[in-house]
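Residue 31 in our numbering sits at position 31 of the sequence shown, and the numbers go up by one each step.
Keep in mind that a hint or two might mislead.
Ranges between beta-carbon positions, derived for each pair [as the list claims (entries may be wrong)]:
id: 1; residue 1: 24; residue 2: 4; range: 16 to 26 angstroms
id: 2; residue 1: 10; residue 2: 30; range: 24 to 34 angstroms
id: 3; residue 1: 8; residue 2: 37; range: 29 to 39 angstroms
No lab work stands behind these hints: they were computed from the structure. It should be emphasised that the depicted structure is a prediction, and the values quoted were computed from it without experimental measurement. Yeah, the Cβ is synthetic: ideal placement off N, Cα and C, and Gly gets one too.
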Amino acid sequence: MVEGCEHQAAGRSVATLDRRRDDFLVELLEVVHKYWPEAEGLEGRI
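Sequences are here, hints too, so could you generate the full structure?
Written out as structure tokens, the structure is:
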């Protein structure tokens with residue numbers, strides 16, 4: 001498992017990986033907010 005994690009990290013620091021994760025989550029929330037049916041006045045459609 002350690003080898004797999006090191007391979008995936010590709011030499012990046014934990015701080016860099018944390019920042020990448022956080023940036024992704026912020027962008028994901030923005031997309032969800034933009035395209036979720038409630039944002040278009042379609043409450044209860046999901």
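Task: Range agreement (Cβ of residue 37 with Cβ of residue 8, hint 29 to 39 angstroms) - done: holds, 35 angstroms
Open item on the list: Against the range 16 to 26 angstroms, how does the distance between the Cβ atoms of residue 24 and residue 4 compare: consistent or not?
Closed with: holds, 20 angstroms
Task: Assessment of proposed distance window 24 to 34 angstroms (beta carbons of residue 10, residue 30) - done: holds, 26 angstroms
Violated hints are absent here; each numbered hint is respected by the structure.
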